[in-house]
Structure formats: C-alpha cells, structure tokens
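Protein chains: 2
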Amino acid sequence: MEEFTAVGKRVPKVDAVSKATGRAQYIQDVKLPGMLYGKILYSKYPHARIVKIDTEKAKSLPGVRVVLTGEDIPAIRMGVYKDNPPLKAGKVRSYRDEVAAVAATDPEIAEKAIDLIEVTYEALPAVFDPEEAMRPDAPLVHEDHKTNILKMPWSLHYGDVDAAKSDAAFNVEERFTTTWVTHCCMGTSGAIADFDHANNLTIHTNTQIPSLAQKDFLETLKALGLKNSRVRVIKPYIGGGFGSKLDTYAYEHVAILLAWHARRPVKIMFGREEEFVATSTRQPTIIHISMGCDKEGKLLYRDMSMVLDNGAYTSWGVTTPSVMMMPITSLYRVPNVRYVAKCVYTNNTYSQAMRGYGNPQATFAIESAIDMLAEAAGIDRMEFRRINCNQPGEVTPQGFRITTCGLPECIEAVLEKLQLERPKEPGVGTGVASLIHVGGGARIYKSDGCGTIIKMDDYGNANVFTGASDMGQGADTILAQIVAEQLGIGVDNVNVIHQDTDVCPWDVGAHASRTTFVAGNSALGAAAKIRKRLLELAAQALEAHVDDVVLREGSAFVKGSPAVKVPISKLLRNAHFTPNGEMMMADYFYDPANENMGRDFRGNMSATYSFGTHGVRVRVDEATGKVEILDYVAAHDVGRAINPLLLDGQVYGGVLMGVGYALTEQVILDKGRNMNPDFRDYKILTAKDSIPLTPVVIETIDEAGPYGAKGIGEPGCVPTAPAIANAIYDAVGVRIKDLPITPERVLAAIKKKKGIDSCGIDPLTEKEQPCE
Amino acid sequence: MEEFTAVGKRVPKVDAVSKATGRAQYIQDVKLPGMLYGKILYSKYPHARIVKIDTEKAKSLPGVRVVLTGEDIPAIRMGVYKDNPPLKAGKVRSYRDEVAAVAATDPEIAEKAIDLIEVTYEALPAVFDPEEAMRPDAPLVHEDHKTNILKMPWSLHYGDVDAAKSDAAFNVEERFTTTWVTHCCMGTSGAIADFDHANNLTIHTNTQIPSLAQKDFLETLKALGLKNSRVRVIKPYIGGGFGSKLDTYAYEHVAILLAWHARRPVKIMFGREEEFVATSTRQPTIIHISMGCDKEGKLLYRDMSMVLDNGAYTSWGVTTPSVMMMPITSLYRVPNVRYVAKCVYTNNTYSQAMRGYGNPQATFAIESAIDMLAEAAGIDRMEFRRINCNQPGEVTPQGFRITTCGLPECIEAVLEKLQLERPKEPGVGTGVASLIHVGGGARIYKSDGCGTIIKMDDYGNANVFTGASDMGQGADTILAQIVAEQLGIGVDNVNVIHQDTDVCPWDVGAHASRTTFVAGNSALGAAAKIRKRLLELAAQALEAHVDDVVLREGSAFVKGSPAVKVPISKLLRNAHFTPNGEMMMADYFYDPANENMGRDFRGNMSATYSFGTHGVRVRVDEATGKVEILDYVAAHDVGRAINPLLLDGQVYGGVLMGVGYALTEQVILDKGRNMNPDFRDYKILTAKDSIPLTPVVIETIDEAGPYGAKGIGEPGCVPTAPAIANAIYDAVGVRIKDLPITPERVLAAIKKKKGIDSCGIDPLTEKEQPCE
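Chain order of the listed sequences is V and P. When the letters of the first sequence are read in order and numbered with the numbering used here, they come out as residues 1175 to 1946. When the letters of the second sequence are read in order and numbered with the numbering used here, they come out as residues 1175 to 1946.
Wrong hints could be hidden among the right ones.
What the hints assert, rightly or not - Straight-line distance between alpha carbons at most 27 Å, and here's what the computed DSS-like set of lysine-lysine pairs gives:
| # | chain 1 | residue 1 | chain 2 | residue 2 |
| --- | --- | --- | --- | --- |
| 1 | P | K1744 | V | K1389 |
| 2 | P | K1256 | V | K1620 |
| 3 | P | K1703 | V | K1703 |
| 4 | V | K1205 | P | K1205 |
| 5 | P | K1256 | V | K1744 |
| 6 | P | K1256 | V | K1706 |
| 7 | V | K1703 | V | K1193 |
Claimed, not checked - Have a look at the derived ranges for each label pair, beta carbon to beta carbon:
| # | chain 1 | residue 1 | chain 2 | residue 2 | range |
| --- | --- | --- | --- | --- | --- |
| 8 | P | P1281 | V | V1225 | 54 to 62 Å |
| 9 | V | N1770 | P | N1373 | 42 to 50 Å |
| 10 | V | D1855 | P | V1191 | 30 to 38 Å |
| 11 | V | V1191 | P | D1289 | 35 to 43 Å |
| 12 | P | D1318 | V | V1191 | 38 to 46 Å |
| 13 | V | V1191 | P | L1235 | 48 to 56 Å |
| 14 | P | N1373 | V | R1184 | 53 to 61 Å |
| 15 | P | N1373 | V | R1349 | 56 to 64 Å |
| 16 | V | M1360 | P | D1318 | 34 to 42 Å |
None of these hints come from the bench; they were simulated from the model. For clarity, every value in this text was computed on a predicted model and none was experimentally measured. The beta carbon of each residue, even a glycine, is placed where N, CA and C say it ideally should be.
All chains should be modelled from the sequences, with the hints used to inform the complete structure.
Written out as structure tokens, the structure reads:
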C-alpha cells in the first residue's frame, strides 16, 4: 500500500470549479444593502503645495453623500515610517497622492463629483532619480525628514572584505540596475467598509494580511475616537496577491472614513488604470557588486551596495534590503560579506512587497557576477557553482542554519535536463542561476505564527479554520491535503474556512513563502490532536493497540488487516452520542522556531531554506535583439511536494513572472507619471508567451516542515533574470546589466560589441540609425 | 465591590439595535446570485386520491425552470414516523398536503405556474375528530398503518392507582379539552437551498435545530444519490421560534429538490396565510383526569388519559406525551400515577413542538383539578398546594431528582404579591397554578450536548462560536454575559458567532428551555479554560499567586489591590508575541448528566427542574362573559437570573402567550380547512392587550447551572390557562374545562349555572336568545 493518500497527490485546487464557474465571490461581487460607492481624487502634480480645495460643487451634486479632504480627517499615518496619510493635506509628493474622496449613491455620480472638486496647486521642484535625490541640494520629499535618505539600518559586514579583496586571485566589479515592475493581479483592488450600530467595523478587503490589516484599521478607528470598536476583516476570493496586498492602502482607510461619515457601507473598487497607478511596485535598484575568488575558484568575498528608489512614501518595500541580505550573505559559500543599502525618497510611486521581496534584484546581480567571475577564473560555470555550493548542515555567515539543502542536486538536475553539455549552436546560448530563499517562514514581525481550529462533524468531515490567506496560490488545497492525510479522510471531506478574522485565528500574513510551512504545520498540529483521539477510539473499537491502527480513506483498521475496518464517521458518532459524549475539536497555534534578526542582522531568520537552480536556453536574433526562450529547466528543493500539480503551477507562474521581469515588464514613469497603466503598454507574459518549462522537484523531506515541505511560493521568479542574462551572454557575448533586457538593449549591446554605432534600420529612411 | 460585572445585569440584547434598525438579515433579506423562487401547490381536499397532475401548462410558462410533483422525486420521508413525503404522490391526507412545486425566475411567475397546474382528485371520506378516528370503521389516513391510532408507548403506571382511588377521602374526575393554537412567529418561514459544483448543499433556513436539520437534509441528498455531499446549514436572524422550527418542513426539502433540478439557488418564502396553514400547531387534547387525596389533603393518586389529535402526519408533536408525563407524575407530590395517551391520525393539520411541549395542556387539567379537589376536601387552595408541594432533594415517582426547588417560595410570593387574602369583590376572583418544567436540558435525543469554541484576539475580545440557536430569545446575549463574566471582560468585547454548521459546533437544538443551561455551561466550560490560562499569565505578570488574581473589567489585579492592574489585552499580546507564542483558543463540549428515559419512562430526564407559580386576579363581566385580567403575578424559580431584563421578557412573553392560549387563540378548522389564517381572525394578544404583570424571580442558585441558572424559556406559558380558569371559578363560580375560554363559553356557563337557558340579548329582537 502506498504511504500517502492525500499528500503528494496532484489534487486540483479545491476552489477551482467555483472560480471557473463564477460562483466564487470576489470583492467585485460583494454588495451590501444601502452601500455607497467611493472614489478618490489623485494629485495632478508629482510635488506641489495644495493651496486650496473647493469641494462645494461636488458636495451639492445630487447623490453625493460625503466629500472628504485631508483637512477633514484625523491624524492617520500609514506605512512602515508612518509617513503616509490616507488623504494628503498641505502638499502632494507624487501623482498617486490621494487628495480628496467622495461617497455617492452610484459610482458614476462619485466619479462626476471627483471631477467637480477644484484643487489649486503650487508646483514644487521634484526629484525622480534616487541618486539625484541623495544630493544635499535636492528638493525634500518630506521636509521633516531633513534628507531624502531614509534612516534605515541596512548595513552588515561579516569577516574582512577589504583583506579578502586584496587576497583574491580574480575579481569582478559591476553596476546593475533594475526598474519598477508591478504585480498585475488579475483581480483589481477593492474594499467595502461597514460600521454597525456599536461602531464596530466590518471590512471586506483584498488583503494578504487579515490580522495585521485588522490592527491597521483599529488604529484608524482610534484616530476617529473609536477606542472600543472591534474590527472584522473579511477576505473575499482574491485574484492574485504576489505581495501587493501585504500592507493596507489609502483606499481602504478612505473607505472606512467615508463609511464613518456616511453611516452607510462604502465600497471603493479600482479599475485597471487605478490599479496600475495607485498600488505599489517592486523597488528599482542601482546595485554595485564586487566579488572575488581564489585560484581554485573558491569565493572569498562579496561586497555590495545598493540604492533603492523608495518613492514618496514607505511601505514594506523599504524593508526589502533585509531579504536581499539573504542571497548576498548566503547564496553559495562566501566567508566575507559587506552590504549597505540606501532607500531614498523621490517623487515617484512608492514601493511594496513583491514576490521574492528584494531577492530577484540581489540575485540578478549576484548570479550575473558569478558567471563573470567564473569566466575570469577560467572555471566552468557549473563547476564554479559546485565548488561554492551550499551544503546541508552548514551555518552561513549571517547565522542561517541550513538543515536540508538540495542545491547540489538542483545544479546537477539542470545540467542534465537542459543538456548543458550538448554542442552549441550559433546565436543560441544557455545560462543558469541559483537561489536561496526562506522556506520555513521568516520572522520579520513579533510573531511568525499561524493558528488553526478544526471541528469534525458526525459524518467524517473536518471544518478547518485557518489563519492562512489563500490568494489564489492554493493554500486551502494544501491545508486540506495535510488535514486529510493526518485524519485518514478524503480531501473532499475537508472544508477550509476562508479568512474572516472573527472566525479564523491569527496569522501574520501570506508572505515569505510561509503558508505551506507555517499554516501547514499549524493545521497539522491541530489535526494531530484529533488524530490521536481517533486512534484511541479506533484502537478501542478494533480491540487493537493504538500503534497498530491505520486511519485511511475514511476508515480505521489494524495494520495489515484493511478488510476489518470501522468508518471514522462511526467513531465520531459513537464518541458523540454517548453519555458524557465528546466532539472532536482542536486548536493549535504554531510559531516556527526561527529568529528575529538582531541589529547586526545575525540570526536564523527561517526554520528552513529553499534552494533552486534554473537553466535556460535562448536564441538571440542578432538583427533585432529579440530573445527567444527555447527551453527552461527549473529545479527546486521543495522539501516535499505536498501537491505536485499546484507546485508546478507555482513554479510555472513564478518563472513566467521572472521572464517578464527579465525581458518585458516595466512601469514607465515619466517624471513620476505612469505612462503605461494598461495591459497594452505594460507587457506581462500571457498564454501565448508560454515557454517550454521542465520543473524538477528535489525532495529533501525537511524535518521541520509539514510532511517535510518547505515554502515555494516565491522562488520561481528569483533566478530567472540572471539565468536569461547569462544565456544571452552565452549566445551572443553581450552582458546586459539593466532590466528589462529589451530587444533594443540587446541590439545596442550587440552593435556596440561589433563596434557599430547604430541601432537598427530606420523604417522611414531604410538606413541604419544611431544608438541613443 | 459587587460580585459580578456581567452576570445578573440587565444587559440589552446584543442584537437589539441591529434588529431595530433593519441591519439584521432575516431570511426575507437574503438573496443569492441567480436565485430562483419556489412556490408550492397545496391540496384542494382534506382526503383524496390524486388521479392525475397535468403540469404541461405550468412548464411552458416563460420563466418557469422546474416543476415537480410527488412522482418526480425519490423516496424522502419526513417526520417522527417517517410518514410524510415533501411532495405527496397517490393521495392527499389534509388541506396542507404539498402536491406540486415550481421554481421560476420571479415569485409572481412561480405563483402563476402553480395556478396552471391541473390536479384531478377523487375525494375520499375524511375524519376530523380523533375519537371518531379511533373507531374501527373510520376512514384510514394511512392505509399501511392499518389503524389511525399511532403505535406510541405513552403509558406509565407508578404505585397502585386503583387501590389509592378506593382509599381516597376525596376524588375529582373531569374531562378537559384544548384545541389548536399556533406559534404566530413574526418572521414567516423561508429557506434558500444552494448547491455548489461538488454537490455540497448550503441551506439558509429558519431553524431551531441546525445540527439535526443538517442530518435531515443529508438524508434528502442521499435519496437524490448524493452520498458524499456535505450540508451547511446557515440560520439567519429568526423572528421567533417557540418550537415551530424544531423539525424540518416540506418546504425546506422542496427547496432542495428544486435547487437540485434547477442547478440554481431556490428560495421559498411563506406569506402569512401560508405560515398559518402550512406550519404546525400545538396538539389538541381530550383529557380525562381523576385525582384524589386523603382527609388531610395529601394527594394519593393521579389518573389521566388523553387523546391527541395528531393530524395527518407525525412531527415532534406526537412525542409531547413524554413531556406531559412530567407534570402528571411530578407536579406536587403524588405517589400513585397512571397515564396513557393516544395520538390519532386525522385529516386535520399535523402538530409540532410548541413552547411547553404538552405541559400547558397537562397542567391545565391538573391545576384545574387541584382547585376542585381542594374545594371538595374543604382545604384552602394555597394550603392544599403547600401540603403537596415539591421540595428540594426529593425524587419523584418518575425518577426526577429534584435538586433545587423554589416552588414553596413561588407559592408564598404569589400569595403575598397578589394580595390573595384581601377581601373579595363581586365578579372578581383570583386563581393560582404552578408548574414544573425541565430546567437542565432534556435528554430526548442521543445527545443533549452543545459545543463551544472561543478564540481571543489580541485586543481582549472573545469570539464565541456556539452551537446554540438564538431565535430572538436572547441566547447570544446570555452567552456573551457568561463568557464576559468568566474572562473579566465587557459584554461588548464578546462576539457570539451566529449559527452556521460549518463554523459552530454541534447542538441538539433550541428546545426544552435548554439553551441557557446547556449552551451556557458549554460556553462557560470553554471560557473557563481560557480563564485558567489568563489567571496563570496574570499571576506571573503581577508576581502573585494564581488564586489571588481577579479578572475584572478588562484587567487583572491582585485581590484587594485593584489599582495595580494589567490589561487582559496586554496579557494576550505578551503571550502571543513571544518566541513559541500562544493564542488563547479553547473548545468545550458539554453534555448534561441527565438521562434518557427508558421504556418505562423512568429516569432523570433533566439535570435540574424549573418551578413556578402564577397568580391572577380577573374580573368577569356576567353580562358578556368577558374576562379582564386585573393583576398577574408570575413567580419563577430560575436558579439564577443571568439577565433580569431578558428574563422579564421571557416571562412576560410567556404569560401573554399563555393568556392567549387561555382566552383568545384558536386555529379554527372546518372539516380540516383553516378558517382564520390571518391576524384579523386569529386572536393573539398584541401591545394593546398588555396586562399588569409582576414577575417575581426566585433564585435557588442551582449547582449544575451556569452561575446557578436554570432554563426559563417555556415555563411562562405553562400554568397561565389553569390560573385564569381557577380565577374565573373564584369570581363567578363557573368551571370552564375547554380552551379557549371565550366570552361565549363563560356566558353560557354562567347562564347554565343560573338555570337560564339563554345566551344574551339578540341585538335585533332585543330579547334573550337561546344557547346553542
């Protein structure tokens, strides 16, 4: 008999049919009785004083219930640095600044009212380049902050980098840049705020962090003087998160403020343009890296500094340097490390968490530089990686305790599956890049925990209330499988209750690829309590020793004698319907044994780490610069594949997001203004851009993980860009150091390499045109 | 400092404002996307063969999605005897028989389609009188049952009644009758059935028994071949239950069948007439009682037999004789008891549970006869009751273990508060009657239990998932008070999660006045687990012994030093936000230590018993027979008044329901047809009929109850009718033995007593007219 019945199976997402048929209720579908519609007026300037706001015309428009400006609201500050009021007063600092808001009986009236609000601005000099913004004479985005450079502690130094640098046989030193990209969730943002008569707030909102959002909203209620109000956060089905919903946004607080003033529920719903403009991006970086090795190719040091364009306000994006440290200190063995990062206020849009959380930027620089260093040392790139490869049981300079580590196997798998050693064709090249990521949660908050409550019914079904937030990644399915496996019931017999802070226990949120690991362990812990009791009851019923009882496919039987079985539903009913009866309920709060990093950034941030290696074969069209992906292998150490189907989905989705990051995606800001807020001009990969991908699963069965699993939500998009950049170099000998790697950039590099100061044929003159 | 902060307080209902402002969502308010509307076609005959049903015209009406008849559905049988299919095939047995059903895109179309269904009947001889129905030649309601007399075990004999009868110094022997009355819930019945794509059913329905209804609906799904489907029952706010929602009804199963065929949600919503006609009543009874005492007034025996008009089908009404046994064996001390009851099928409407569950009928006969016996024995009626009064610690012949018993105090309280000894005015009289009822649950099912889950948040709030069903009686408020008291937090900090079988643990249902006792003990048990942990945490924080810590008003402090305190919210956060943190969650399943009565009906049915005495002063208009209530005292042994405000409400509501039962209410059936299905012709008491009521609370602090409380939901309506009947006798010397005691009946009795064979002045001739 096979070991597992639920874990390790390609179980389709439990909500797949609901979503495909439209039964699943997204925020778009939620309507409350008496609901008003809110709209937000955004700034017309990237940086300006607000001289006057005239709301009279808007207020007198029939159907308008509330008009609010920054002057009408109490002191509420969002963001990591509490620098962002939901409606701005005094001045605006970016085009996405919220200046006023309206609630009206229908969305068209609200829109019209927004147009009727007259704002008088006095433009101020603005700054859009983080390096310029660091100059002492740069316009200040936040005057009270005195400088545009954020006071952040992102600086670490392990070993002696300067000494290692002078000892190194080979060195590389390079500058890389990455730009804005955004999450492009299929479901746009929205929220409905609703007060009851005891001034308790219910808010339906697209969030990855129901428990932390609850805390943010409580702060807003406190600012309104509502000190004893409760907040209930209900997360409807979400069409993608990717980190975009890891913080609360102005629109959510504005919905609350409007609802409070209107004494009616208020819904704010973003369209696609607003989604592009008024939600946050991945942070652009300017990266300096130097790295060196000895004659044998052993890495001696890594020295990196970064400037991050933070935009006008702080959100979690400002903390991404903490995660960037992870590959910088711990991807491959490197004894001496120095890193410093500066986040800089500009009048651009502000940045947020996004899948990988800084890791894609850092890994782009590191893995590009690894190839360059291997070449400089004259060592095969795969051999170079083998020499420096992380190994199980090691402790990295930052203090990460690597337990299981499948990186060696990932490297070999890519070598083999991508046939890296087959003869090279002209214009075709291969590239590889590896990754390390947190795979066992990441303690960035006071608790990295997740709670679960399980309640069995009399029919062998389990209702599971989890803190976890399914945002499309399939968390509900994974948890259902884990619980089903523990209890010996079918996945269909498990009902995972969706996130509602009244019903579901606390969880820090869906980030850091932590859900399968942390929420999985939590669900497992609760299920294990019930399992224990079921085994006792079964042992009694079967007159067997508890250790000999098997729970499987809805029945209990004695190991080796599956024919004589008692249904689990019957065990439950017998326990229930007896004098002094019992019902099977259990709760469990799991907080992983990972560590908050101290001020020195040392500590075992995660209970385990994920590894992976991607390999790609590309063809580069030397006439156009266009890069075609011929083959892609993504090998990941996942601990255990709880659900290979969903795992493939995570890897495929991650890689495609990585390919977009590498080749096509870019939020184009022109002096702070978003120039491509739509899917015609912002180029995400779509179904027609699908690539031939071979996912390779390396199972290392991590002791700390639920059934041995590690987190795998983010890794898919981490090493894609450097793998592609390395493949392009391998194909045509040009090293692109700036993302995205557009055909224009490739072509310009090819031309430059060939000594041609021209950039293609001008379609009008039919002559070669000079490069920029 | 006062002992309690939440228990014993007049806390307004937690949902009062929501209900008053229309925020609370009743089934009337619930709409699902794509929902269809269902309607039911009822029989045109009280008893007939269905020859043919032609649904063609109905089916071809645009907007009609499904038309079903009894021939189209699988074998589904509702009712205690499984004698009631949701749609009838072959024959109809009453006017309320469901013959066909329609689902259409709007309710008007459904109504029109119902009218288009052509049913050909062949009328059958019918029987409407239970005594006639018992004759061997009576038409059979259910042919396969061979007789109309239900095979029920309702027969008991303790001691030797015949010997006691011959020993008795004084005897009475009488016949009493009661008729149909109905619950008159302000919220009419309705349900929405909704299948998901995995064939799991969600049903929103007005029910007092979500867990048992879930089981019934699972049976219906099984009949449809859906063996692995889950059922989720959601109870919206309910506008009154009173027992009417203690069983599932045809309309709920019909909604499921229609939804299954339509693959769309289907809502069936009753209007008032349908509510009157197609929901169930209290069962009419014909009661023979004989009772005797010795010379000192000590009761020697009670001998009762009953015939109950069951109507055409069985529901819980058929089991009311089990509860009737309680006062028959145990109201006052009576050593020899005999009881036999026959439930008889007729072609009338069928009966259900209703507040008191047989107790009002039985107590009407018993307490009327007590007064008659006291008079025969020449003993003051109060003294007679004192002589025979139940006492704490006694075990009744049926095996009820009386623990606390405040009946002596209730009798004295009525004597005093009603000033029973003040001089008698002409035409004015006083009457009293007592009651015993279950006060600690009633084990009528395999489990009498209730589960609770409590989850604390970081802010000192408790979310309580209870199995209990608030149907307007205030259960949520009582549970919030109990949890608040245990945890030392405010009632406002407790959020009771409404009944949803996915979220809330199992409970047998809201019946037998069991919710405060059973659900209260369950909530207390769960809260006590959290309290224990909070006390430990507080002891640690305050550096005190755990026994010295007080939890009160949101803080913990050392007994006697309330100034030095730590907020409970802080204790929670400190426990949560620490390595290996914890969250406060707890579950508890409480099943009272009461007993299933065996085949001999012996056993301690309830964990404790409620007692009470009502006294009433009436003025009887001898010219019209009209009875006016001048004063009313209702004294109840409630164990502990958890919430005196809600308790007053329960008593006031109960008494008014009892007054209606005594004087005005009657479902008038004319050969099985309901002649008064509206509030113009069915006379419930309304605000203008309010009576001067003094509720008296006797607290006996029962050891088994939560904070000493007993159930008090039903008792208010139990002794009202005999108290009034006794007062009428006291006022004008006529004994009315048939309910309701209409002016016509009183007048006829007065005339008969006076030897006048006339019944008032004919308004046209202005002469006395003969009685019927």
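Ascending list of hint numbers which this structure does not respect: 2, 6, 7, 10, 13, 14, 16
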